[in-house]
Structures are given as C-alpha cells and as structure tokens.
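Protein chains: 2
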Amino acid sequence: MELFTVTNVTRGSDRLWVHFSCLCFISFYVVYLLHKEYNEITRRRIEHLKYHCKRPDQYTILVRGIPTCPDHGTYGCYVDHFFSKHYQTYQSYQIVHDIGNIEALQKLAYSIDKQIKRKRETRKCNIWQWIWFKFTSEAINIQRQERKLKDVLLAIRLLQCENTLKQKEVPVAFVTFKSRLDAVHAAEMQLLGNPLSLVTTYAPEPKDMIWKNLAIPFWRMAMYKLGVFVAAFLLTVFFTIPVTAVQGIVQFNKIKRWFPPARALQLIPGLNSVVTGYLPGMILNGFIYLVPFAMLGMASFEGCIANSQKEIKACNMVFYFLLGNVFFLSILSGSLLDQLGESFTHPKDIPSRLASAVSAQSDLFITYILTNGMSGFSLEVLQFGLLTWQFLKAHSLGHGKEPYLYGFPYYRVVPIVSLAILIGVVYAVVAPLLLPFLLIYFLLGYAVYINQMEDVYEFTYDTCGQYWPNIHHYIFLSVTLMQITMIGLFGLKSKPGASFATIPLLVFNILFNEYCKVRFLPTFHHRPVQVAKQSDELDEAEGTTGNLDGAISAYKPPWMRPTNLESGSVRPLTV
Amino acid sequence: MELFTVTNVTRGSDRLWVHFSCLCFISFYVVYLLHKEYNEITRRRIEHLKYHCKRPDQYTILVRGIPTCPDHGTYGCYVDHFFSKHYQTYQSYQIVHDIGNIEALQKLAYSIDKQIKRKRETRKCNIWQWIWFKFTSEAINIQRQERKLKDVLLAIRLLQCENTLKQKEVPVAFVTFKSRLDAVHAAEMQLLGNPLSLVTTYAPEPKDMIWKNLAIPFWRMAMYKLGVFVAAFLLTVFFTIPVTAVQGIVQFNKIKRWFPPARALQLIPGLNSVVTGYLPGMILNGFIYLVPFAMLGMASFEGCIANSQKEIKACNMVFYFLLGNVFFLSILSGSLLDQLGESFTHPKDIPSRLASAVSAQSDLFITYILTNGMSGFSLEVLQFGLLTWQFLKAHSLGHGKEPYLYGFPYYRVVPIVSLAILIGVVYAVVAPLLLPFLLIYFLLGYAVYINQMEDVYEFTYDTCGQYWPNIHHYIFLSVTLMQITMIGLFGLKSKPGASFATIPLLVFNILFNEYCKVRFLPTFHHRPVQVAKQSDELDEAEGTTGNLDGAISAYKPPWMRPTNLESGSVRPLTV
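Those protein sequence lines, which keep their order, are chains A and B. Positions 2 to 576 (our numbering) are the ones given, in order, by the first sequence. Positions 2 to 576 (our numbering) are the ones given, in order, by the second sequence.
Simulated from the structure, these hints should not be mistaken for laboratory data. Don't take each hint at face value.
[Said to hold, decoys possible] Derived DMTMM-like pairs: lysine to aspartate or glutamate, alpha-carbon spacing no greater than 20 Å straight-line:
| hint | chain 1 | residue 1 | chain 2 | residue 2 |
| --- | --- | --- | --- | --- |
| 1 | A | LYS179 | A | ASP99 |
| 2 | A | LYS534 | B | ASP81 |
| 3 | B | LYS86 | A | GLU538 |
| 4 | A | LYS86 | A | ASP99 |
| 5 | B | LYS86 | A | ASP99 |
| 6 | B | LYS534 | A | GLU189 |
| 7 | B | LYS115 | B | GLU147 |
| 8 | B | LYS349 | A | ASP350 |
| 9 | A | LYS518 | B | ASP81 |
| 10 | B | LYS86 | A | GLU543 |
| 11 | B | LYS169 | B | ASP114 |
| 12 | B | LYS534 | A | ASP81 |
| 13 | A | LYS534 | B | GLU189 |
| 14 | A | LYS86 | B | GLU541 |
| 15 | B | LYS115 | B | GLU104 |
| 16 | B | LYS518 | A | ASP99 |
| 17 | A | LYS557 | A | GLU189 |
| 18 | B | LYS179 | B | GLU541 |
| 19 | A | LYS169 | A | ASP81 |
| 20 | B | LYS37 | B | GLU515 |
| 21 | A | LYS167 | A | ASP81 |
| 22 | B | LYS213 | B | ASP99 |
| 23 | A | LYS226 | B | ASP364 |
| 24 | A | LYS86 | B | ASP99 |
| 25 | B | LYS86 | A | GLU541 |
| 26 | B | LYS226 | A | GLU515 |
| 27 | B | LYS179 | B | GLU538 |
| 28 | A | LYS86 | B | GLU538 |
| 29 | A | LYS55 | A | GLU543 |
| 30 | A | LYS179 | A | GLU189 |
| 31 | A | LYS349 | B | ASP350 |
| 32 | A | LYS86 | B | GLU147 |
| 33 | B | LYS349 | A | GLU343 |
Please model the entire structure based on the sequences and the hints provided.
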C-alpha cells in the first residue's frame with residue numbers, strides 16, 4: 002500500500018525524484034483541468050444567461066435600505082422618484098411588507114380546510130364510518146371548524162387590505178425595468194453617497210425567494226452572519242465531544258441491559274462482535290449524516306434572501322466540517338481542538354506532522370471510501386432519510402399523503418464528493434493504490450446521481466453555475482494540501498532538495514488560483530453588459546418586450562395573493 | 002515615566018482597573034473620532050466630486066485589454082462599435098500608442114535646444130567670453146548641434162505621423178462620453194463575458210497620468226506587482242543588515258585614520274564623544290531618510306497609470322517599513338528577521354512579549370519623537386534634501402537653474418506622522434507622560450506642514466481623499482496594537498480578568514473596522530450614480546455640456562503634441 006516503505010530503508014533515495022515528477026505532473030494536470038473546466042463553465046453560464054433571458058429575474062432588481070421620501074414620507078415614493086429619474090426604462094416597483102403572520106394564518110386555514118374535507122369524505126364513505134361519525138358527534142366538530150376557518154380567512158383579508166399594508170412597509174422593494182441593460186446597471190452600481198442606503202442586488206428567481214427574510218435589516222443580518230459563523234466554527238471544532246459522549250453511553254452491553262430483546266442478536270453467531278465493533282462507527286456516521294441538515298438549519302438563520310444562497314452557505318460549512326472532522330481527525334489522532342492548539346503554537350511543523358500522519362493512514366481511507374461511499378449511495382438510492390422523515394411527518398403532524406418532491410441536496414452531496422476528490426488528490430502520490438477504489442466510487446456515484454437528478458428530485462432553483470467557484474476552491478485546497486504534505490514528506494525522507502523544489506510548485510498553484518479569481522470569478526458575481534444588451538436587442542428584433550408582464554406579477558409575495566382554498570394554492574411557494 | 006513600576010510591587014493590584022478603564026475610554030473615543038472623521042471625509046469627497054464636475058476625468062474612462070474588431074482588425078474600431086452601441090452619450094475615443102521613444106527624443110531635442118540657446122547668449126555677453134568662444138571653436142559646435150536638433154525633430158515627426166502610429170497601437174484607449182452618468186456606468190461595470198478584456202477604470206486626471214505605463218499588458222503588470230511586493234518585503238525584513246554593516250565600517254576612529262582633517266573635531270572639547278555616540282544613529286537615520294525615495298522608486302516599477310496611485314502604494318510600503326524597522330525594532334532587541342521567526346513559531350506569546358518590550362521602552366520613544374520629529378521638521382523647512390538634489394542635478398547633469406516645484410511628498414510625510422500617532426496610541430495607557438511631547442510634535446508639525454503646503458509645494462494631483470482609507474487603516478492598526486499590548490500587560494501583571502475583558506474590546510474594534518469597510522470604503526472606490534446625475538442635470542440647466550471639448554483634447558499624450566521648442570512645451574507634463 003505505502004510506496005514509501007520501500008524508500009524508507011534507503012534514506013534520501015534518488016527514487017524519490019520519481020515521486021517528485023509525479024507530483025509535478027499531477028499538480029500541472031489538475032491546474033490544466035481546473036482552468037479548462039472554469040473556462041467551460043463560465044462560457045456555459047453566459048450561454049445560460051442568454052438562453053433564460055425571458056426569466057423575470059433578469060428584469061428585476063431587489064433594493065434594500067430605501068430612505069423615506071422627503072416630500073411624502075413613504076419608501077415607495079422614493080423608489081419611484083429615484084428610478085424614474087435615473088433610468089429611462091424604469092417600469093414599476095413592488096414594496097415588501099413585514100407580515101410574516103399572514104403566512105402562518107394561511108397555513109392554518111389550509112390545514113383546517115384539509116381536515117374539514119377529509120371528514121366530509123369520511124361521512125360519505127361507508128356505514129360503519131357513518132356510525133362512528135354520529136357517535137363521536139363529529140358533525141358539531143365540523144361546524145366548529147368551519148366557523149374557525151371563516152374567522153381565519155377574515156383575519157387574513159383584514160391584514161391584506163391596503164390600510165394595514167401601508168403601516169407594515171419595510172424599506173425593501175422589487176424594481177422592474179423594461180430593459181435588462183438598465184436592470185444590470187441599477188443592480189451593480191452604488192446609487193447614493195451612502196453605500197448602505199438604496200443597496201441593489203439582482204433579484205433571485207421568484208420560486209427561489211425566502212420572502213420572510215426580506216424584512217430583516219442589515220445590522221441584524223450582519224449579527225446573524227457572525228453568530229452562524231461562530232456556531233458553525235464551534236460545531237466543527239467541538240463536534241467530537243458529544244459524539245464521544247454518546248459513544249460512551251450507547252454500548253451494546255448497556256443496551257442489552259436496558260432493552261432485553263436486543264439479546265436476540267447474540268443468538269446469531271458472530272453478529273455480537275460485529276455489532277460491538279461497528280456500533281461506535283455507526284454512531285459517528287449517524288451524527289455526520291445529520292450534520293448537513295444542522296448546517297442547513299444554521300444557514301437559514303443567516304437571513305439569506307434565496308434558498309440557493311442558503312444552500313451554498315451550508316455547502317461551504319459542511320465541506321469545512323468534513324475536512325476537519327473526517328479528513329484531519331482520521332489522519333491525526335486526538336481531538337481536533339488539541340490539533341488546532343498544537344498547530345497554532347508550532348505552525349512550522351505542520352508539513353512534517355501532516356506528512357507522517359497522511360502516509361500512515363491510506364488504508365483507513367480505502368475503508369472509508371468503500372464503506373461510507375457505498376453506503377452513502379445506497380442510502381441515496383433508497384431515499385432512506387426522506388422516506389423516514391415523510392413517514393414521521395405523515396403520522397405525527399397529520400399532513401396526509403402529499404407527494405413529496407424536494408430539490409437536489411447539493412449541500413449534502415457536493416461536500417462529500419469534494420472530500421473524496423481531496424482524499425484522491427492528497428493520496429495520488431503517496432499511495433496510488435487508493436485511486437482504483439476512488440474510480441469505482443466516482444463511476445458508481447455518476448450512475449446514482451444522474452438517475453436521482455433525472456427521476457427523483459425536482460428543479461427548485463437555477464443559479465447559473467454559482468456552485469462551481471466553491472468546488473474549484475475545494476479542489477484548489479486539495480492540491481495545496483497535497484503539496485504541503487509532500488514538502489513535509491520529502492523533508493522526513495531526508496530529501497531537502499525535493500522539499501524545496503516543491504515550494505515553487507505551491508507558489509505557482511496559489512498564483513493560478515489568484516489568476517482564476519481575476520479571470521473567471523467576476524463573471525459569476527456580475528452579469529456582463531454585452532449579454533444584457535444582446536438579449537434586449539433580440540426582444541426588439543422580435544418586437545416584444547420579453548416576459549415583462551410576468552416579471553411584474555412574479556414578485557408579488559405569496560401572502561399578497563388571495564387565499565384560494567379549493568385549488569389548494571394557499572400553500573406558499575417556498576417549502 | 003512608567004506607571005507600572007508602582008503597580009509592579011503589588012502584583013495584581015486593583016489599581017490596574019484604572020488602566021483598564023483608561024484603555025476602554027481611549028478605545029471608544031478613538032473609534033468615535035475615526036467614525037466622525039471617515040463620515041466627514043466621505044461627505045467632503047462627494048462634495049468635491051460635485052464641485053469638480055467640469056474636470057475632464059469625469060467624462061473619460063480608460064479602457065484596457067481591447068479585443069481587435071473582427072471586421073477591420075483594429076482596436077479603435079472595436080471601441081467605437083462597442084461604446085456607440087451600448088451607450089447613447091458616447092462621444093469619442095483616443096487610442097494609446099506604445100512609442101515611449103518619442104518622449105526620450107523630445108527630451109533630447111529640448112536639452113539640445115537649451116544648450117544652443119545658452120551658447121548663443123554667451124556669445125552676446127562680453128568680450129572675454131567672446132574670445133573664449135572663438136578660441137574653442139564653439140561656433141562649429143553650435144552648427145553641429147543645430148544639425149543634430151534638426152535630425153531629432155525630423156525623427157519625432159516621422160514617428161508622430163499617422164502610418165507609424167497605426168502600427169504602434171496598444172489595446173488601450175481613452176473613451177469620452179457626453180454625460181457623466183454613462184461614464185460612471187461604463188467605468189464600473191463588467192462589459193464582456195471575459196472580465197480581462199475591455200477592462201474599464203476611471204481615467205486619472207491628465208496631469209496625474211504616467212503615460213508610458215499605459216502600454217504595459219496585464220500579465221506583466223501582475224508580475225511587476227509581485228516583484229515589487231517581494232522587494233519591499235525583503236527590504237523591510239533585511240534592512241538592518243546593510244545598516245549594521247555600514248555602521249561597522251564607518252566609525253569615527255577609522256575615519257580619523259583615512260581622513261586626517263577630521264582630527265580637528267577632537268580639538269573642540271566634548272565633541273569627540275558626541276560624534277562617536279551619534280554617528281551610528283545618524284547613519285541609521287540617513288538610511289531611513291532614503292527609504293521613502295527607494296520605496297517610491299520601487300512603486301514606479303509597478304506600472305501604476307497615475308502618480309497618485311504610485312505614491313499611495315509607496316506610502317503604504319513606507320508605513321509598514323517604519324512600523325517594522327522603527328517601532329518593532331526599537332522595542333524588541335535583535336534583528337527583525339529573528340523576531341519574525343520567533344513570532345512565527347510561538348504566535349501565542351506575542352501579546353506578553355510585546356507588553357514587556359513596550360513598557361520598557363517609553364523613554365526611547367520620547368527621545369525618538371524629540372530628536373527625529375524635530376530634526377524632520379527642520380529638514381522639511383530647510384528643504385535640505387531637495388536643495389541638495391537640485392544642486393547635484395544642476396552641476397552634474399547640466400539642467401541649469403530651472404525653478405523646481407514638486408508636489409507634497411505624502412509618501413514621506415504620511416507614514417512618519419502615522420507612526421507618531423501609533424506610538425502615541427500604544428503608549429497612551431502604558432506611559433501617558435509621552436503624550437505632552439507628542440502634542441508639541443503635532444502642533445509644530447501642523448504649523449510646519451500648513452506653511453509648506455501653502456507656500457512651498459505645488460498641487461500635482463487631486464485624488465478626492467483617496468489617502469484617508471489608508472490613514473484610517475494605520476490608526477486602526479495602532480488601536481489593535483495597543484489592545485494586544487494591554488492584553489499581554491494585564492497578563493504579565495497577574496490580572497487575567499482585565500486581560501480577558503480586553504478581548505471583547507479587540508473584537509469590537511475589528512468589527513468596527515469591518516463596518517467602516519462596508520459603510521465608507523465603497524464611496525472611495527466608486528462614484529455614486531446620484532452624484533453623476535446631479536452634475537449632468539446642472540449642465541443641462543445651464544444649457545452647456547460642461548467642459549467636454551477640454552476632455553477630448555486633455556487625454557492626448559504629450560508626445561502626440563507638436564514639438565514646440567520656443568515656448569518650452571516639449572517638456573512632458575509628468576515630471
């Protein structure tokens with residue numbers, strides 16, 4: 002497994018230069034592939050922006066921190082004055098209101114309506130149920146519920162009426178333009194002298210919006226961000242403590258005492274030792290399985306205005322969690338906290354410590370890829386988590402058997418796959434025997450995820466490739482980690498020449514990353530003027546104004562729409 | 002001097018809380034002042050942008066990385082097509098050419114012309130000089146020089162003609178708009194899918210331009226930047242080595258041996274010891290005096306397109322140099338390199354080491370402020386450096402007695418004054434007796450610099466307050482350094498409670514800095530849309546188009562203008 006056991010005997014062997022040339026080849030090839038891929042994805046993003054030019058979010062910007070109009074004292078007035086003065090193709094605006102209460106009321110109305118319907122259907126059904134119905138005086142119950150529903154609907158209508166809405170305005174608005182060029186200009190420029198007033202961003206897709214977060218003011222959002230960062234950091238660093246505690250409590254011997262039927266497992270020969278051996282690992286994996294959901298929950302406290310932003314945040318947090326608690330904790334002994342403390346006090350020793358730890362643990366990662374990778378795929382195919390969640394929801398909260406269609410869980414899949422890439426890159430030179438296992442993992446993963454994406458999940462948002470810069474960064478980190486490990490390893494094997502020769506490689510890698518930040522990243526944050534103009538010209542040639550009417554109505558929050566119980570449209574768009 | 006010698010006896014004295022409350026008061030007061038000042042300077046910047054709305058740089062943007070037009074194969078054609086299509090108020094463009102040679106030729110023509118004139122004047126002067134003139138056959142010399150001048154002027158005209166210029170085009174152009182709003186939009190947006198092609202920035206003021214750097218392509222500029230960063234870093238870290246070497250060589254005893262007249266100093270009683278004692282210090286100060294010029298020289302290799310950018314770069318480099326080689330080297334013994342190495346291996350000990358070093362060295366900084374500060378002012382008033390430089394130039398290079406008018410040397414003054422602020426802030430709690438000396442220093446400095454600015458120096462550029470964010474950052478660094486020192490000091494004085502209580506103060510300070518970056522900094526990098534529109538409206542109300550014609554001609558490089566020897570206008574604008 003470890004090629005270095007050979008060279009370990011002859012210290013400072015010249016055969017280490019073979020490893021060095023492998024390192025060079027892999028480094029440059031990864032850089033080449035990364036460049037090619039970033040280029041390709043940038044091209045596709047621009048194509049995609051052009052292709053989806055009729056989408057309402059291309060005409061619409063989100064304005065926050067609106068000052069009040071000095072003449073009329075309202076936010077809407079200021080927006081109207083400002084944009085009609087500065088942009089010729091300004092169309093209209095839609096002020097956002099802070100009435101999260103309506104959403105809850107609409108949900109309540111929706112659930113009462115469902116209950117009434119179910120009970121009515123039961124009444125029609127058969128004689129036994131009819132008797133049961135009479136016996137439990139459900140008729141009175143239905144009447145009571147109908148009265149309640151009427152009250153709720155009245156309350157909703159009262160809240161939705163003009164006068165109440167006026168009082169609940171927040172300094173946030175959607176502004177629609179007739180041309181995409183003006184929307185692009187308005188979204189990316191600093192409009193006023195104070196950069197925190199009249200802050201503009203591109204509006205997310207209507208179905209991607211998290212409406213209730215729009216009302217959060219800036220300073221609270223900054224506080225939330227800081228809080229979430231601290232919480233995610235603490236979770237990552239102190240994760241091992243609760244896990245070890247649970248592992249100490251939940252032992253097979255103790256379970257047998259408290260839950261006697263578990264003794265049945267002992268009857269099957271050999272199973273006892275399997276359970277005793279695997280239980281701590283299963284507990285750890287169970288916790289790790291829950292982490293993406295915990296991170297997503299944390300990210301939703303951050304006050305992101307779009308689900309896609311939230312999931313990208315969660316994706317980043319999960320990746321760094323896995324890097325710390327799966328990769329570093331596996332290769333280094335002890336808790337992550339001790340390791341961090343030691344690294345902080347002796348930063349110069351990091352490469353050599355990393356090297357000695359990495360070269361010792363390649364077997365462990367083959368096991369990791371084989372067990373966790375494969376079990377992850379089977380869980381994904383079986384949809385174990387979602388089915389359990391659905392079962393629990395249906396039988397405890399009484400939501401019935403609605404069809405469930407969720408978006409692809411990028412925040413769970415991307416970090417795990419990125420971790421596999423990281424393991425592959427770090428071990429590519431040290432222990433190449435790991436690579437075939439990774440190849441199987443990726444081939445299987447490709448088959449599984451292509452199927453899942455096409456048949457199981459729903460498209461919930463379209464970020465036009467916003468995930469790629471993050472994945473690029475993970476791969477960049479992998480290559481950096483590989484090079485630092487190799488610097489340490491060549492040092493350990495008494496080859497300081499090779500160790501020093503790796504440093505320019507590391508510098509080149511960092512410079513390449515800086516180049517990518519300048520060459521490709523801006524296109525993922527901005528929309529080029531040329532692309533917007535081309536779409537505008539296409540519309541002009543067609544003699545239409547694109548999907549402009551759609552854009553105006555698309556950014557009406559769901560709670561502003563009438564409560565239509567029959568068609569079931571009360572259910573908010575954001576689930 | 003040191004208040005802590007009192008509390009040193011009673012370890013962990015409760016009187017340390019007085020120091021802690023002083024620390025709190027100073028921290029919050031500095032934060033309050035910084036906020037007030039940043040707010041004020043932001044307001045002034047916007048006022049200034051409005052006031053100078055007729056300046057040509059408000060209509061003009063600089064475009065770099067222009068692709069060639071697919072139809073005609075020229076850069077100019079592409080610029081014209083692109084901007085006339087995307088911006089309604091596009092006016093004209095001015096392609097930049099890579100003929101730095103012309104500038105040298107024009108300088109040559111200018112100097113030959115001067116020599117001829119001088120000699121002719123000599124001929125008219127008096128009889129002795131006339132005889133000398135005849136005797137040395139200067140007449141033939143003049144004729145030869147006149148012929149040479151003619152050749153040079155012909156060469157310039159040949160280079161300036163259309164056909165030669167066409168071949169020397171570089172993908173850089175100045176683009177002028179009729180409205181400031183479009184100029185602002187075009188300067189700040191990403192225009193094409195590739196963010197490195199058609200890169201736009203605001204054009205610097207014409208008199209601030211460094212024309213010859215316009216032709217430098219991006220990748221070379223990035224290389225230069227990296228090179229300058231490495232060079233400045235090396236100079237800062239290894240500065241002490243050559244200084245110590247020179248100090249070793251130049252000793253008074255050795256000088257006496259090589260230059261016997263120096264023995265005369267020994268005749269004056271007491272002077273011998275003064276010279277022996279002060280010589281090493283004077284050598285160090287002499288080197289430090291030269292550093293700003295060295296840094297400015299380095300910064301000019303970076304390929305900045307404006308003198309103001311170059312000087313801001315130099316200003317930053319000089320500040321960090323002084324922080325390392327005056328502040329840290331004075332308080333810590335040994336060379337900066339050793340200190341960096343030790344800090345790198347034991348980052349946790351930094352606060353306590355800093356604290357023990359800082360509290361021991363307050364006398365030294367009083368001496369520093371009194372001697373270097375005062376001698377700096379006298380040098381500034383006497384203009385010693387410039388006069389020497391002018392003398393050397395006049396007598397060796399033969400440039401004659403031109404009047405010299407330089408711009409205010411911000412890159413030299415700002416870092417030195419910032420260092421004084423840093424010393425004041427760091428010692429404000431530890432050794433408040435230093436403050437009266439600083440007060441004298443600042444009062445004197447105010448008087449000196451106000452006078453110098455009004456009567457001695459010329460205005461060479463106007464950045465609309467671009468220096469402030471840097472000065473703000475230096476003061477922020479001072480406060481951070483003070484707080485880290487106090488954390489260490491409370492720890493050393495067995496007051497861990499006060500030590501931990503300082504950490505929130507440090508966090509608050511960092512958060513305040515982040516807030517400033519969001520609230521104020523963008524206004525220094527962008528120009529608000531509202532301001533540009535207001536200036537446009539003012540012009541419309543006046544029925545003019547501002548100073549638009551001036552804008553078009555202002556960005557003609559000096560070497561494109563006819564060589565007019567009589568009026569002396571050959572001399573390029575950028576000196």
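Consistency of the hints with the structure:
no.	hint	verdict
1	A:LYS179 with A:ASP99	violated (27 Å)
2	A:LYS534 with B:ASP81	holds (16 Å)
3	B:LYS86 with A:GLU538	holds (11 Å)
4	A:LYS86 with A:ASP99	violated (27 Å)
5	B:LYS86 with A:ASP99	violated (42 Å)
6	B:LYS534 with A:GLU189	holds (16 Å)
7	B:LYS115 with B:GLU147	holds (11 Å)
8	B:LYS349 with A:ASP350	holds (15 Å)
9	A:LYS518 with B:ASP81	violated (29 Å)
10	B:LYS86 with A:GLU543	holds (18 Å)
11	B:LYS169 with B:ASP114	violated (28 Å)
12	B:LYS534 with A:ASP81	holds (16 Å)
13	A:LYS534 with B:GLU189	holds (16 Å)
14	A:LYS86 with B:GLU541	holds (14 Å)
15	B:LYS115 with B:GLU104	holds (17 Å)
16	B:LYS518 with A:ASP99	violated (29 Å)
17	A:LYS557 with A:GLU189	violated (23 Å)
18	B:LYS179 with B:GLU541	holds (11 Å)
19	A:LYS169 with A:ASP81	holds (18 Å)
20	B:LYS37 with B:GLU515	holds (16 Å)
21	A:LYS167 with A:ASP81	holds (16 Å)
22	B:LYS213 with B:ASP99	holds (8 Å)
23	A:LYS226 with B:ASP364	violated (45 Å)
24	A:LYS86 with B:ASP99	violated (42 Å)
25	B:LYS86 with A:GLU541	holds (14 Å)
26	B:LYS226 with A:GLU515	holds (13 Å)
27	B:LYS179 with B:GLU538	holds (12 Å)
28	A:LYS86 with B:GLU538	holds (11 Å)
29	A:LYS55 with A:GLU543	holds (13 Å)
30	A:LYS179 with A:GLU189	holds (17 Å)
31	A:LYS349 with B:ASP350	holds (15 Å)
32	A:LYS86 with B:GLU147	violated (62 Å)
33	B:LYS349 with A:GLU343	holds (11 Å)
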